[in-house]
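Asker: Sequence:
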Amino acid sequence: MKDHLANLFLAALFSVMIWWAIGFHLIEQRQLTLDFRIEVPRDVIVRYQGEPSTASVLVLHQAVEVTLQGPKELIDRVNQLVDDEGVVRLTDEDLRQAFERDPPHLLVDPRKGVAVAEGLEVVEAKPAQLRLEFERVEDKMVWVQPGDIVGEPAPGFHRGEVSVTPRRLAVRGPASLLESEYRTLPVDLGGANKSFEVDRPLACPPGVEAQTLVRVRVEILPDPEERVFEFPVVLTLPKPQTSPDGSTAPIEPLPYKIKAREGWNVKVRLRGPKRTLEDLRRRLDRARLTPTGDLPVAYVPASELPREFLQDDRDENFRVDVSGLPPDVEVVEPPTFPVTLVRVIQ
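Quick note on our numbering: the sequence shown kicks off at 1 and runs consecutively.
Calculated from the structure, these hints are not laboratory results.
Careful: at least some of the hints might be erroneous.
[Said to hold, decoys possible] Straight line, CA to CA, 25 Å or less: simulated BS3-like cross-link-like pairs of lysine-lysine: (1) Lys126 x Lys112; (2) Lys194 x Lys274; (3) Lys72 x Lys112.
Source: prediction; values computed, not measured.
Hey, can you work out the whole structure from these sequences and the hints?
Answerer: Take a look at the structure:
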């Protein structure tokens, strides 16, 4: 009886050992969905299903489902033993083969891009092949334009001219994507109350890269104001010419005086920046105490007067403009006044 019980015990123990051995070496499978990184040489763009690479790298998010097989104890730790991203590194030889086809392409087995621990095996991948298409990149000089200007300047200011430096820039990308002109990314005024510069990248499509940033200059100007000024009136033969700095050149009056109905001066409405108008007002006020010859004056071009008007004192309506104004100040509208022409006795 004792021998019988001993045999039963040994049989049970042996069975447990067999089941433990079988369970330890049990082969299992596990599916994982991985990102895939496709790396290519610098002078090539790679596409998968129309998506182009950027900076010689194409990342396919959650693109491949792989089936891993191995012992149960490894499968249970598969997340620690397998990278969550597969990598395919293409060589010059791979590209040589690709560009022998029309269009250039390769069929890549994604299983070769999955790094696994010893004892694990990638037995299946979906899709089974990745069709990669290629295009060589080129360098091209393109024109640069400022992008959209968004936001508003500070109250009392407005946006002036917008310029970019450089005007032309080298870009690199596939020939099928290269344009002759690119804009920068938008520039935000952000309540600015003075002109400013900011570096902005070009708004290039994926696969196209600019060699450097673009300096965008935005001019912020105070809103113009309108004020009435009083000027003496003279008669000139030619119309005053514009100087290189934008102001009108000094005029040479004829030997006549022009008298407006309200006196020897006329009132003219001007538009310009507040500070400039205030400076002009101070200059005119000082000139009344100490006359100078470089102040703005109102004038009537003699070319607009009929010949008989120069022969006798007459009282007619003529357009009066202003010469010598700062370049950022303008006459709101050349006014018309009834004026009297009086010849100066030499």
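Asker: Now tell me, hint by hint, if it's right for this structure.
Answerer: Outcome of the hint check:
1. Lys126 x Lys112: Judged against 25 Å, a Cα distance of about 13 Å means the pair holds.
2. Lys194 x Lys274: Within the cut-off at roughly 14 Å; holds.
3. Lys72 x Lys112: 23 Å, holds
This entry satisfies every hint, going by the numbered hints stated previously.
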